[in-house]
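Participant: Sequence:
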Amino acid sequence: TGKRLYMTKQEKMDEVFGSFEYHLFEKLTAADQFMARITSEARMLGVDQGYISQYMGERVLDMIDQIAEKREAEDGRKNKKKGRAR
Numbered sequence: 029t030g031k032r033l034y035m036t037k038q039e040k041m042d043e044v045f046g047s048f049e050y051h052l053f054e055k056l057t058a059a060d061q062f063m064a065r066i067t068s069e070a071r072m073l074g075v076d077q078g079y080i081s082q083y084m085g086e087r088v089l090d091m092i093d094q095i096a097e098k099r100e101a102e103d104g105r106k107n108k109k110k111g112r113a114r
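Per my numbering, residue 29 is the first one in the sequence shown, and the count goes up by one each step.
Since the hints were derived computationally from the structure, they do not count as laboratory data.
Some clues are possibly wrong.
Straight-line alpha carbon distances no greater than 20 Å define the calculated PhoX-like cross-link-like pairs of lysine-lysine that follow [what the hints assert, rightly or not]:
hint: 1; residue 1: Lys109; residue 2: Lys98
hint: 2; residue 1: Lys108; residue 2: Lys55
hint: 3; residue 1: Lys98; residue 2: Lys108
Okay, the calculated beta carbon distance ranges per label pair [claimed, not checked]:
hint: 4; residue 1: Thr67; residue 2: Arg105; range: 21 to 27 Å
hint: 5; residue 1: Asp76; residue 2: Asp103; range: 37 to 43 Å
hint: 6; residue 1: Gln38; residue 2: Ile95; range: 23 to 29 Å
hint: 7; residue 1: Lys37; residue 2: Ile92; range: 31 to 37 Å
hint: 8; residue 1: Lys37; residue 2: Arg99; range: 38 to 44 Å
hint: 9; residue 1: Gln38; residue 2: Asp103; range: 26 to 32 Å
hint: 10; residue 1: Tyr34; residue 2: Glu86; range: 38 to 44 Å
hint: 11; residue 1: Gln38; residue 2: Gln82; range: 19 to 25 Å
hint: 12; residue 1: Ile66; residue 2: Lys106; range: 18 to 24 Å
hint: 13; residue 1: Glu69; residue 2: Gln38; range: 37 to 43 Å
hint: 14; residue 1: Leu89; residue 2: His51; range: 19 to 25 Å
hint: 15; residue 1: Gly78; residue 2: Lys40; range: 21 to 27 Å
C-beta atoms are modelled at their ideal positions from N, C-alpha and C, and glycine is treated no differently.
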């Protein structure tokens, strides 16, 4: 426990991230497979790689924002429920 008090931010983040890394890697691998399929199908339709990359980047960032907003809204509802129980 004493060692944890003296860990650097980097060491703390490495420890936390490391505990989730395998599962995150697996999810990102699955997402990469979807992205490769989307890219392949768009290329078959004649869409150039530059546009595909830009489009997909924008859409993925938008999806990440939507996911975060949904999580934050759900967390807010959970916190309100906890507050009423007290």
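Participant: Give a verdict on every hint.
Facilitator: Consistency of the hints with the structure:
1. Lys109 / Lys98: With a Cα-Cα distance of about 17 Å, the restraint between Lys109 and Lys98 holds, given a limit of 20 Å.
2. Lys108 / Lys55: This hinted pair is violated, its Cα atoms lying about 31 Å apart.
3. Lys98 / Lys108: holds, 15 Å
4. Thr67 / Arg105: 21 to 27 Å: violated, 37 Å
5. Asp76 / Asp103: 37 to 43 Å: holds, 40 Å
6. Gln38 / Ile95: 23 to 29 Å: Check passed, 27 Å falls within 23 to 29 Å.
7. Lys37 / Ile92: 31 to 37 Å: violated, 24 Å
8. Lys37 / Arg99: 38 to 44 Å: violated, 24 Å
9. Gln38 / Asp103: 26 to 32 Å: holds, 27 Å
10. Tyr34 / Glu86: 38 to 44 Å: With Cβ atoms ~43 Å apart, the hint holds.
11. Gln38 / Gln82: 19 to 25 Å: With Cβ atoms ~33 Å apart, the hint is violated.
12. Ile66 / Lys106: 18 to 24 Å: Roughly 34 Å apart at Cβ, these two residues miss the hinted range, so it is violated.
13. Glu69 / Gln38: 37 to 43 Å: holds, 41 Å
14. Leu89 / His51: 19 to 25 Å: Since Leu89 and His51 have Cβ atoms about 22 Å apart, the given range 19 to 25 Å holds.
15. Gly78 / Lys40: 21 to 27 Å: Roughly 39 Å apart at Cβ, these two residues miss the hinted range, so it is violated.
In this structure, the hints that do not hold are numbers 2, 4, 7, 8, 11, 12 and 15, in rising order.
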